[in-house]
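Peer 1: So you can see what is in the structure, the chains are spelled out below.
Number of protein chains: 6
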Amino acid sequence: MVLFAKMQKLVHADDFLFRGLHLMGNTSNDVGSNATTVAVAQLPGLNTLGISMARIDFAPMGINPPHTHPRATEILTVNEGRILVGFITSNPENRLITKVLEKGDVFVFPQGLIHFQKNLGHEYAIAIAGLSSQNPGVITIANVVFGSNPDIVGDILAKAFQVDINVIYQIQSKF
Amino acid sequence: MVLFAKMQKLVHADDFLFRGLHLMGNTSNDVGSNATTVAVAQLPGLNTLGISMARIDFAPMGINPPHTHPRATEILTVNEGRILVGFITSNPENRLITKVLEKGDVFVFPQGLIHFQKNLGHEYAIAIAGLSSQNPGVITIANVVFGSNPDIVGDILAKAFQVDINVIYQIQSKF
Amino acid sequence: MVLFAKMQKLVHADDFLFRGLHLMGNTSNDVGSNATTVAVAQLPGLNTLGISMARIDFAPMGINPPHTHPRATEILTVNEGRILVGFITSNPENRLITKVLEKGDVFVFPQGLIHFQKNLGHEYAIAIAGLSSQNPGVITIANVVFGSNPDIVGDILAKAFQVDINVIYQIQSKF
Amino acid sequence: MVLFAKMQKLVHADDFLFRGLHLMGNTSNDVGSNATTVAVAQLPGLNTLGISMARIDFAPMGINPPHTHPRATEILTVNEGRILVGFITSNPENRLITKVLEKGDVFVFPQGLIHFQKNLGHEYAIAIAGLSSQNPGVITIANVVFGSNPDIVGDILAKAFQVDINVIYQIQSKF
Amino acid sequence: MVLFAKMQKLVHADDFLFRGLHLMGNTSNDVGSNATTVAVAQLPGLNTLGISMARIDFAPMGINPPHTHPRATEILTVNEGRILVGFITSNPENRLITKVLEKGDVFVFPQGLIHFQKNLGHEYAIAIAGLSSQNPGVITIANVVFGSNPDIVGDILAKAFQVDINVIYQIQSKF
Amino acid sequence: MVLFAKMQKLVHADDFLFRGLHLMGNTSNDVGSNATTVAVAQLPGLNTLGISMARIDFAPMGINPPHTHPRATEILTVNEGRILVGFITSNPENRLITKVLEKGDVFVFPQGLIHFQKNLGHEYAIAIAGLSSQNPGVITIANVVFGSNPDIVGDILAKAFQVDINVIYQIQSKF
Chain A
0 MVLFAKMQKL VHADDFLFRG LHLMGNTSND VGSNATTVAV AQLPGLNTLG ISMARIDFAP
60 MGINPPHTHP RATEILTVNE GRILVGFITS NPENRLITKV LEKGDVFVFP QGLIHFQKNL
120 GHEYAIAIAG LSSQNPGVIT IANVVFGSNP DIVGDILAKA FQVDINVIYQ IQSKF
Chain B
0 MVLFAKMQKL VHADDFLFRG LHLMGNTSND VGSNATTVAV AQLPGLNTLG ISMARIDFAP
60 MGINPPHTHP RATEILTVNE GRILVGFITS NPENRLITKV LEKGDVFVFP QGLIHFQKNL
120 GHEYAIAIAG LSSQNPGVIT IANVVFGSNP DIVGDILAKA FQVDINVIYQ IQSKF
Chain C
0 MVLFAKMQKL VHADDFLFRG LHLMGNTSND VGSNATTVAV AQLPGLNTLG ISMARIDFAP
60 MGINPPHTHP RATEILTVNE GRILVGFITS NPENRLITKV LEKGDVFVFP QGLIHFQKNL
120 GHEYAIAIAG LSSQNPGVIT IANVVFGSNP DIVGDILAKA FQVDINVIYQ IQSKF
Chain D
0 MVLFAKMQKL VHADDFLFRG LHLMGNTSND VGSNATTVAV AQLPGLNTLG ISMARIDFAP
60 MGINPPHTHP RATEILTVNE GRILVGFITS NPENRLITKV LEKGDVFVFP QGLIHFQKNL
120 GHEYAIAIAG LSSQNPGVIT IANVVFGSNP DIVGDILAKA FQVDINVIYQ IQSKF
Chain E
0 MVLFAKMQKL VHADDFLFRG LHLMGNTSND VGSNATTVAV AQLPGLNTLG ISMARIDFAP
60 MGINPPHTHP RATEILTVNE GRILVGFITS NPENRLITKV LEKGDVFVFP QGLIHFQKNL
120 GHEYAIAIAG LSSQNPGVIT IANVVFGSNP DIVGDILAKA FQVDINVIYQ IQSKF
Chain F
0 MVLFAKMQKL VHADDFLFRG LHLMGNTSND VGSNATTVAV AQLPGLNTLG ISMARIDFAP
60 MGINPPHTHP RATEILTVNE GRILVGFITS NPENRLITKV LEKGDVFVFP QGLIHFQKNL
120 GHEYAIAIAG LSSQNPGVIT IANVVFGSNP DIVGDILAKA FQVDINVIYQ IQSKF
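Residue numbers (numbering that gives the first Met the number 0), protein chains in the order written: chain A, 0 to 174; chain B, 0 to 174; chain C, 0 to 174; chain D, 0 to 174; chain E, 0 to 174; chain F, 0 to 174.
Think of the hints as simulated: they come from the structure by calculation, not from any bench.
Heads up, some of the hints might be wrong.
Under the rule of at most 20 angstroms between Cα atoms (straight-line distance), these lysine to any residue pairs were calculated in the SDA-like manner [said to hold, decoys possible]:
#1 F:K173 with D:E92
#2 A:K98 with A:N78
#3 D:K173 with F:D154
#4 B:K173 with C:V166
#5 D:K102 with D:N33
#6 C:K173 with B:E92
#7 B:K102 with A:L16
#8 C:K173 with C:S27
#9 B:K102 with A:Y123
#10 E:K102 with E:Y123
#11 A:K102 with A:N90
#12 B:K102 with A:G24
#13 B:K173 with B:S27
#14 C:K102 with C:V166
#15 E:K102 with F:D154
Please read these numbers as outputs of a predicted model, since none were measured by experiment.
In isolation and in its complexed conformation, chain A is listed as follows (with noise of 0.2 angstroms):
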């Protein structure tokens, strides 16, 4: 607040503007999905704000697999097609709260729960999100476990996901 203070005789109407959010996010990749985010390092005058944006793209099929925000609530609207979301709540339940949503349906997932999104139909779907924090960050789940640099060591995933170490070392060699 203090630095927004200093700033006012400073600050430019550019430093406040983002420009694309119109733009379909290239969803040719493994899971069919891609996130624009507009937070902090993208617009500056977010700083000390509290809140940030989100274009979430799907190709037909496509999913934005779980992920979290560590530091953010996410609210997210559809724009255009048909998406089954869910986010799991903490140990013990472990329950998975699920809806199909239309176009102008709003979830909410709460701050720095595992979520997830999938088109459900034959078209591309879009949907536009704000996020409690000028810097939400991403933790896709199976990226930074399977595919963080370097690995984590094999045996504490078999153990934690309960598989053979081949199988890890498998999923890890996708990564």
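Place chains B, C, D, E and F on chain A using the hints.
Peer 2: Positioned in the frame of chain A, the structure of chains B, C, D, E and F alone reads:
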């Protein structure tokens, strides 16, 4: 957070869902715009989570008149149309920061500052906004100042706006 | 907090001191009031501490015109005089909550709401206020709406205030 | 914030008003001072708003003995009199930061630090303070350490203050 | 804070006490570890106070599998044993930050990031942790992703983890 | 948070590690206790994360004298020994809330309240604490009140503690 924890066994998916943000709001009013708010009163699952969403519709040449959100920053993107947006910085600079937004542009209105939007086109325009509070509030300046219930006594407004008190009465009669 | 900790060996008593709140502000202006603010810009020791103070002087019949603090609640006490105070709740109620304060009365203006004060007496009046931010900001509604730099285009204000655009030009010319 | 929103139709102006801060507190006590607090218990409209106010009266040579506010920073201005103020920084520096305040001086006591005031004059003195919590709390060091209910066992205090236990018993008997 | 104030006359010492953190948790499970949590549900006096504690026990070679705390940072110290710890930064870096901790080492897992621990020794290991919320929550990644109630549909996970759906079914059958 | 984000490519594992909390602090002092603090000054990775940790050692019959943390709640568990703990509620109740803790007991000291611990046993005792700030601060009451630098003038303390000024001078000479 405590409440959310206790609710964990009781929550329904419906607590996190709101339907209808694809519907155009009724812009047949004096300003030619309409805001549909999805805050904690409309979507109980937002409780304690610090975010909400809104859709703003603009008739051709319609405006969203100068207003503030007393408890939130707003981040907005244009879904359809061409919109002039602006906010004014605090005293003493009172700088007007303004931009013409096209489809896909994203703009930030910092917490508590007076801001407005105007549809510059001959078609309906649509914007989607995220707000950094589950209960952001809206204060439409003209309505609050000239249409409060009961009215602010006229001489205060005459002095504040430096006009004859009859001008104040005239404006108050409209709200 | 981190900054405060690092400053611990370096702080001077002067960083925590501001002199002059006993001095009457200059109320020879269009509204007949003056606010002397003691925030982080005036008192560096307030940094990170979330509070500030102000003195408001009122000439006889003077007003502190409708304004908001975008980042703070205000608690005010009357040192001298008899003052009408009010704030208006958010949409859609827009209720005017108002009281006549005598010396020693304390009143609260919740965060971000539009509020005003008027000296009801024939003597100078004085109020002291605490604000819940080290950088609360002040937005004087009339000045910001009709006196921004540059001006808000007239047709937006004409529609917002539902008056002829010439009334807008007339008001803008005063600020 | 949610509570405030729900209250919006129900609030009375009286919820935001406290009367009587012009009245001198009773300073006929061992220290010669009195604090009148206007926090959420006295002024329900402060709920969730993060601020409160207090008046401190000092008899000639009276002191407001060393104390802390466990949940607030205090900003104070002198209305009448000449007051010595001080606070002590945390371990290990334990620097005493001190100033003599005249009428109109403003001073800050950072959150949770031990501070005190002393009337240096031969007249009554008055200060007004803002505090950055609706429920700041007051911990008068001597009363809490030597007058708790029940008493802290004497040997702990003897060791803490490095005096004979009979000195502790003597001090405890005063509170 | 308000609640705490009102409770002040009613609180018992028992509200602030939890017994049993010296007891080894039951590590006879698939991962060979156990976390004993002391949060607001176990210790009501923590309400509104923003902190909690946990003990983690590890059987020889046991792991605390990858998990997050959706509302807290964790600071951990090793009481007994030799423990490999790690966390992974957000997208896109997904850097694995890892250390081998000996007795007396302290390590931080920033809010919401996926982290894990593994006992490297042939004895039981013990860690004590502080968490920056009275209700931090725990999300064990494997359990939440593959053992939610009901299951996440298999094709979403197959695509997310880039494995054959039968691998997913196999993992889900373990949870 | 912003800083953390920018640091993401630059952070080392060492930024998140502190070594040595297994080492007994030096309790050969007047009170027979020692606190080893692991806060942001010792562990830079804690920056912005709102938590820290401490180890407290007690010689037989040693005390951790009455003190406060101006910016944190403390949650403490006993690793070894039998410890009397207590805190005192704010004015006006000044209730002493006290418990004898055995190994494995957990106790909470709410933010900013004066608290103390005493080893009741004939062996060394050890406690581990979590604190709800990366920079909690410590204010040892006796040292701050009687050993500040420079001294608080004696008559203020004589009046506060209701003892002869020579008792104050005597206590000040010890610190």
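Peer 1: None of the hints should be skipped; say for each whether it holds.
Peer 2: Tested hints:
1. F:K173 with D:E92: This hinted pair holds, its Cα atoms lying about 17 angstroms apart.
2. A:K98 with A:N78: The given pair, whose Cα atoms are some 16 angstroms apart, holds under the 20 angstroms limit.
3. D:K173 with F:D154: holds, 17 angstroms
4. B:K173 with C:V166: Holds, at about 14 angstroms.
5. D:K102 with D:N33: holds, 18 angstroms
6. C:K173 with B:E92: Holds, at roughly 17 angstroms.
7. B:K102 with A:L16: Distance of about 13 angstroms is within 20 angstroms: holds.
8. C:K173 with C:S27: Roughly 16 angstroms between the alpha carbons, so the hint for K173 of chain C and S27 of chain C holds.
9. B:K102 with A:Y123: Cα-Cα ~18 angstroms, so holds.
10. E:K102 with E:Y123: holds, 12 angstroms
11. A:K102 with A:N90: Violated: K102 of chain A and N90 of chain A sit about 32 angstroms apart, past 20 angstroms.
12. B:K102 with A:G24: Holds, at roughly 15 angstroms.
13. B:K173 with B:S27: Since the Cα atoms of K173 of chain B and S27 of chain B sit roughly 16 angstroms apart, the hinted pair holds (cutoff 20 angstroms).
14. C:K102 with C:V166: violated, 39 angstroms
15. E:K102 with F:D154: Measuring from Cα to Cα gives roughly 50 angstroms; hence the hint is violated.
Comparing the model with each numbered hint stated earlier shows that hints 11, 14 and 15 do not hold.
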